[in-house]
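Chemist: Starting from the known structure of chain A, fit chain B onto it as the hints suggest.
Chains A and B supply the protein sequences, listed in that same order.
The numbering of the first sequence is my numbering, which starts it at 1 and goes up by one.
The numbering of the second sequence is my numbering, which starts it at 163 and goes up by one.
Each statement offered as a hint is correct.
A few chain A residues facing chain B, derived, Cβ under 8 Å:
1. Thr-18
2. Leu-26
3. Leu-32
4. Leu-47
5. Ala-50
6. Tyr-54
7. Leu-111
8. Met-119
9. Thr-122
10. Lys-125
11. Gly-134
12. Pro-135
Covered by chain B, according to a simulated footprint, are these stretches of chain A (three or more residues, beta-carbon under 8 Å):
13. 5–11
14. 39–46
15. 82–95
16. 137–150
Source of the hints: derived by calculation from the structure; they are not laboratory data.
Note that beta-carbon positions come from the ideal geometry of N, C-alpha and C, so glycine has one too.
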Amino acid sequence: MTAGIWVIGAAAVALTLTAWRRHRGLAGEGWLAGLASLRQQLPLLLLAFAMAGYVEVLVPRAFIERWLGAGAGLRGVLLGSVAGGTLPFGPYVILPMAAALREAGASSATLVAFTSGWMMWTTGKLAFEFATLGPGFSARRLALYAVFPPLAGLLTLLLFGS
Amino acid sequence: MGAVEWLLALITVGLAVLAYLQGGWALAWSGLASGMATLRAAALLVLFAFAVGGLFRVLVPASAIKKWLGGEAGLRGVLLGMAAGALTPGGPYVFYPLALALYRAGAGMGTIMAYVSAKIVWDVARIPLELAFLGPRLTAIRWAVTLFVPPAAGLLGERILRGYRPPAVAGGGR
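So here's chain A without its partners, still in its complex pose:
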C-alpha cells in the first residue's frame, strides 16, 4: 500500500501539473470530474469495504492450510484452484500462506494452482468489481476464467513435474 500510494500520488501530481500547464482551469475540472465519480461510487465502495471486512473475519484459515497440504497431483491442482479462488485475502495473507503450504509439503503444481486461483478468481476483490464494472462484467469474466487456474496447475504438472 505504501509504495502504491507514492506511485498513484505522483501520477495525480504529474497529471494535475500537465493539465494546469495546458490551461489554468483544466486541472480543477479534472479533479472535479474525479470527485463527482467518487461521490457517485461512494455508497458502493463503502459497502464493498464492509463486505471485504466481514469475509476476512469469517473464513477459517488454519483449516484450509491443513486441508491443502495433503493434496498432490491432479487432486492437489483442483483443491489448490478452489481453495485459492475462494479465499478472499490480500497478498500479505495469501503469499505467506502459500509459503506455509510449501513447507507443509504442497507440490509446485498445487501452489501455482493455489496462487493462480487466488489472483484470477479474485473473491476478495469481487465487491469492487461489482461496484464499478457491474455484476454482468464479473459473471462473464469468471465464466471465462473458470478454467485458467486448473490449467495453470496442469501446465506446471506437465512441464515442470510436481
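Modeler: Frame of chain A, contents of chain B only:
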C-alpha cells in the same frame, strides 16, 4: 439505490448476520471494523485513483481514446490495456475505478478486460512479494504458465462483452 447497491447491501447484511451467529456482537463488530480499517488506510489511495481517472478524462481527448483503446482498436487496444494494467499499482479500490474511468473515456470492453486481466495476473508491483514468499523458481513457473491469460482474456473479452455497459454508466452517456 440501483440493483447493484441492493445486491451488495444484501450480501453485506447477510455476512454481518452470519458473523453475529458465529461469534456474537464481537465478531459482527470486528468484521465491520476490519473493513473500515482497510478503508481508512486506503482513503488517500482511493481519492488519488479517482482524481487520476478524472484528470485523465479531461486531458486525453475522447477521440484519441476511441482510436487507441476503443472497440475498433482490436489488438492494439488489448496490448495497451495490458501494459497499463500490469503497471497500475494499488489494490482493487484503485484499479477498478481506473478501469471504469477508462471505459467512460471511450475504451472498448476488450481493452477493459485486458486491463483488469493484466493487473490481476501480471501485476508488476506484486513481483517483489511473490519472489519473497514463493522464491524465484516458483515465481518464474507461475509467470510462465499464466503468461497467456491476459491476451487471451482480452481478445475473448472483446466478444463476450460486446454491447455490455457497466450499470454505473448505463443511465445515459458514459
